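Asks: Listed here are the chains, written in short residue letters.
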Amino acid sequence: MDAVLETRSLCKSFGALTVAQNIDFRLRPGERHALIGPNGAGKTTFVNMLMGALRPSSGRILLGGDDVTRAPQAQRVKRGLGRTFQINSLFRNLPVLDNVALAVAERRRIALRMWRAAGSYKEIIEESTQLLATLGLAGDLTTPIVDLPYGKQRLVEIAIALGLRPRVLLLDEPAAGVPSAEAERILQLLEKLPPEIAILIIEHDMDLVFRFARRITVLVQGEVLLEGTPQEVARDRRVHDVYLGEQHHG
Amino acid sequence: MMHGGGYTVDARIRWPEWLPWIAALAGFFLLPEYLSLGARILIYILFALSLDLILGYAGIITLGHSAFFGLGAYVAGIVSAKLGITDAFVQMAAAAAAAGLLGALTGAVILRTRALTLLMLTLAITSIILEIANKATWLTGGADGLSGVVVAPILGAFRFDLFGRTAFLYCLAVLFLGWLLARRLIYSPFGAMLTGIRENTQRMHAIGAPVYWRLVGVYTLSAVMAGVAGALLTQTNQFVGLNVLGFEPSGELLVMLILGGVGRLYGAFIGPVAYLIAQDLLAKQFPEYWYLGIGLLLVAVVLFARGGILGLIDKWMPFSKPAASAKASAR
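Heads up: the sequence lines are chains A and B, in that order. Residues in the first sequence are numbered from 1 upward in steps of one, following the working numbering. Residues in the second sequence are numbered from 1 upward in steps of one, following the working numbering.
Isolated chain B, as found in the complex (with noise of 0.2 Å):
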């Protein structure tokens, strides 16, 4: 499934699209000491779409997105644990404007600069916020984190049980929402708009698109999902720690939508499934040298599989072909 959108596209929803949320309403029923896990898978997933709509489709690279996803989790972990607000949408909320208006703000300085430039400076922001919540120790507990983060049960009536079961489901409606979303925003004259700066931005300028100005908008929409994901992240762990922002979970999501396939909207899901399962168990057998077996896997998508696990899929699926719409090639 590539996704691309675009003009000449069937945007219907196709059958293995509903793989996802079969698989993952499955694995609630049949595993279900692994929820916490299936928390942090999801929670990722809608991390990694955040990055597949400013990577894979509007072509903005960069090393930062930890920024969006550190903020909202911090955020939401202040609301609660500063500001005694215990309601899940109230915290998530706050996670959002404040990660949006984040993205707004170093988007508009920092999208006017292209690759390697880039790059860098969307890992110097990342930097500077890790800084702030490392120095900022009455606000966010600094190196020890902050605890204390309580979260009232959804809609009055879904308590955060010991076992995740509401934390993995509460994850998952949230993903779904995201996915929605996203996938109707790929699939719109938008998302056509986007894909059409990512393959030639001379071009969209001579066609009178304000390039620098629709970036700066996929950028903050891009900075509220990861918002939302880091949000979920603290309402889940009732814990926040600087594990969250800087370099580290930036290359580790770049590593994960890559592993899954860029700009193919379900890249986003496949990567963080096979990154953070093949971590759960290299990490029990092989503590120490567990990188390895994920750095081995990345080489090797990177060599023989450059449209990652997806782009596989793609190759040897034949219902994952994208189909022209009828009525387009009719004409």
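Looking at chain A on its own, in the form it has when it is part of the complex (with noise of 0.2 Å):
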């Protein structure tokens, strides 16, 4: 099968200091791919890379079997990638519907319209209201992000990605900062959203990787150190040395 998302040899070094050397990775329609790796990894910056946020030294992004390495953010996102952040960054002083009705309206390309008021368009209001439905929102759409819960807010990160309708969706970390009880709401979300989505998923927590993700692939200062399925991942000697064995010593 075609991937969806795929780069090969992708590089990237600040100076001297190499954070990305010779990535090829390959995300298949509809597969839940997590990427794994201790801090300092690269993960980030991979994700990055692949909005186009920060350009590659070498290598290239292939996203639907066209060549976006150069191409703006913009258009990857009108390609179909969406992405949530790590750190919450959402509208924060904007009541939650306009959070994710602004993503709507990048889609339906109506967000140049200047003259009919916002509140008029019907139907990026419902869809907005209903996407925020699914994800138990339903009661804060007039809330500012400010007065949200954490938890609730970490959910609008995804609720703003998943209004832009994405083919791919690069999950940076959803459950970060976020008691166990909410995360395992969190992923019970996730394991809920459209089998045709592609996901990547950067996570920490290993539960919820071996639970959600069907393929992990493994990077280790900024090099891939395997891919494979969980139980490949799991009974890895290496794995365990680099990442796993630092986890349950510390």
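Bear in mind the hints are in silico, worked out from the structure with no lab data behind them. Source: prediction; values computed, not measured. Misleading hints may appear alongside valid ones.
[What the hints assert, rightly or not] With a straight-line Cα cutoff of 20 Å, these simulated SDA-like cross-link-like pairs (lysine to any residue) come out:
#1 A:K78 <-> B:Q202
#2 A:K78 <-> B:R12
#3 A:K78 <-> A:R113
#4 A:K78 <-> B:K315
#5 A:K192 <-> A:R165
#6 B:K315 <-> A:N93
#7 A:K78 <-> B:V211
#8 B:K82 <-> B:N237
#9 A:K122 <-> B:R12
#10 A:K78 <-> A:D67
#11 B:K315 <-> A:P144
#12 A:K122 <-> B:A11
#13 A:K78 <-> B:P210
#14 A:K122 <-> A:I110
#15 A:K78 <-> A:G64
#16 A:K122 <-> B:D10
#17 A:K78 <-> B:T201
[Said to hold, decoys possible] Covered by chain A, per the in silico footprint, the following chain B stretches (three or more residues, Cβ under 8 Å):
#18 7-21
#19 246-255
Cβ coordinates follow ideal geometry from the N, Cα and C atoms, glycine included.
Combine the two chains into a complex, taking the hints into account.
Replies: Shown next as structure tokens:
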């Protein structure tokens, strides 16, 4: 099967510091793929390169078979790439509904309309409301993000990305900083996401990774150490040494 | 009144929003000896409104907004004094087009930068335009200013009179149109998108907004509006001087908007009123020290009322609370 998202020998270095080295990566349609690795392995750098927030030093990025290595973020999003941020990146002073509606409006290409009031675009408001309802946020539509509990803010992160109806979704530690009971709820929601969306998740919580992902890529110091099924990764000695071992010790 | 716009806000005009227009008409009838100050205030409101669009909503920080105001003023004057075109709307259209062109060209260059760099570049641009106006004496009159500006009666019927009645109503009508457009824009999806850029540029990129082009777009619109304000100044004074360009009018405008309240639409109304009336009163009393009074006023606002005068009104007046639309909250 063709990959919806692919990198070929992707490299990135800041001066002498190499943060990505010849990363070959393939994400297939509808796949549930996890990217794991110790702190500083270059996971977020990798996501930033995929999104176009960071330009790779060399190598190629293919989205749906097309080379997007030099394409700006906006074009990649229009081709179906969506992301969430490890640290909440929301419109903090705007209501929950607006956070999602801005994304929906971009996707539906009405963001440049200057005459009618935003509130009169019923289709935008309805779609955003329904999306938020599926994530259990129906009661918070007019609440500004600053007044929302942290766990719900993490859900808004996901809701904004879903508002783009992505074919490929990059989740950068969706449960970061969330207590385990709420992390469980986030995981349940992730499991219910439409199966046709290909998802790459970066996560530290190993239980979550092993439950959610069907394939796992292990990144160490900017290099792919191993790619395989959760069983293969769990059995691998090297993974234990560099990553799981580190967690068990500390 | 926050006037943040967005998808949960009721965009219908509420009654306090008619107050400025009632006040302006009342002023017209009750204070005929102050009409020239009044016209100046109306012009600066339009100018401040244009600044609020980019600063208050899109978050573009600038010290060079006088470039567009000044260019508009000079173009309107040159079209009249040098080309002999006396139709007010042709002069204004030329001013708007020139300012918009300058906005698009300079915006395309400088809006790739941010914060302090952007601030310095905007200042540099208005300083360059000032220097050009200063040196090109054959066209602009240089330091002597450009006189001989003639404006034919508006719509062929309303002659600019000695008492400034026509000038005042003309400025009021143009401001009203500018306000209608700005208000529409702020409440539209475009306005919501601008607020998104101000709130979180990183996220706007991640939802697929070509942020740079959007900023160039709103910068150009704002420049057009500032250019129209500049044309009004020329037409009502029948004269243009170098004082419309450079740092001083830009800084003055910024002070007015901060006094009134940034990103609140009506801050652009209250600021120039407060500033120009204070200037008028203080300058008569203390011709040498009146800037001190303005300075103290600004310090007080920055220390005690970060939302400007309008922010204080928001705090104390129940009617001005933003109302979430019933539709959105009922669901």
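Asks: Decide, hint by hint, whether the structure agrees.
Replies: We went through each hint and held it up to the structure:
1. A threshold of 20 Å between alpha carbons decides the hint, and for K78 of chain A with Q202 of chain B the separation of about 16 Å falls inside it, so the pair holds.
2. A hinted pair counts as satisfied when its Cα atoms are at most 20 Å apart, and K78 of chain A with R12 of chain B does not qualify at roughly 33 Å.
3. Restraint check for K78 of chain A and R113 of chain A: satisfied, since their Cα atoms lie roughly 18 Å apart, inside the 20 Å limit.
4. With a C-alpha separation of about 42 Å, the suggested pair K78 of chain A and K315 of chain B falls outside the 20 Å cut-off, and the hint is violated.
5. Annotation: proposed proximity of K192 of chain A to R165 of chain A holds, straight-line Cα distance about 15 Å (limit 20 Å).
6. Proposed proximity of K315 of chain B and N93 of chain A is supported: the alpha carbons are some 18 Å apart, at most 20 Å.
7. For the hint linking K78 of chain A to V211 of chain B, the alpha-carbon distance of about 14 Å falls within 20 Å, and the restraint holds.
8. Pair hint K82 of chain B plus N237 of chain B holds up; C-alpha atoms about 17 Å apart against a cutoff of 20 Å.
9. Using a Cα cut-off of 20 Å, the hinted pair K122 of chain A and R12 of chain B holds, with the two alpha carbons roughly 16 Å apart.
10. Distance hint between K78 of chain A and D67 of chain A is fulfilled; the C-alpha atoms sit about 14 Å from each other, no more than 20 Å.
11. Using a Cα cut-off of 20 Å, the hinted pair K315 of chain B and P144 of chain A holds, with the two alpha carbons roughly 18 Å apart.
12. Straight-line distance between C-alpha atoms of K122 of chain A and A11 of chain B comes to about 14 Å, which keeps the hinted pair within the 20 Å bound.
13. Between K78 of chain A and P210 of chain B, the direct Cα distance comes to roughly 11 Å. Compliance with the 20 Å bound is thereby established for this hinted pair.
14. For a cut-off of 20 Å, the pair hint linking K122 of chain A to I110 of chain A stands: about 12 Å separates their Cα positions.
15. Pair hint K78 of chain A plus G64 of chain A holds up; C-alpha atoms about 12 Å apart against a cutoff of 20 Å.
16. Restraint check for K122 of chain A and D10 of chain B: satisfied, since their Cα atoms lie roughly 13 Å apart, inside the 20 Å limit.
17. Distance hint between K78 of chain A and T201 of chain B is fulfilled; the C-alpha atoms sit about 17 Å from each other, no more than 20 Å.
18. Closer than 8 Å: that is the beta-carbon criterion, and the stretch 7-21 of chain B has 5 residues meeting it against chain A, so the requirement of 3 holds.
19. With 0 residues carrying a beta carbon less than 8 Å from a beta carbon of chain A, the stretch 246-255 of chain B misses the three-residue requirement, and the given coverage is violated.
In this structure, the earlier hints numbered 2, 4, 19 are contradicted, and the remaining ones agree with it.
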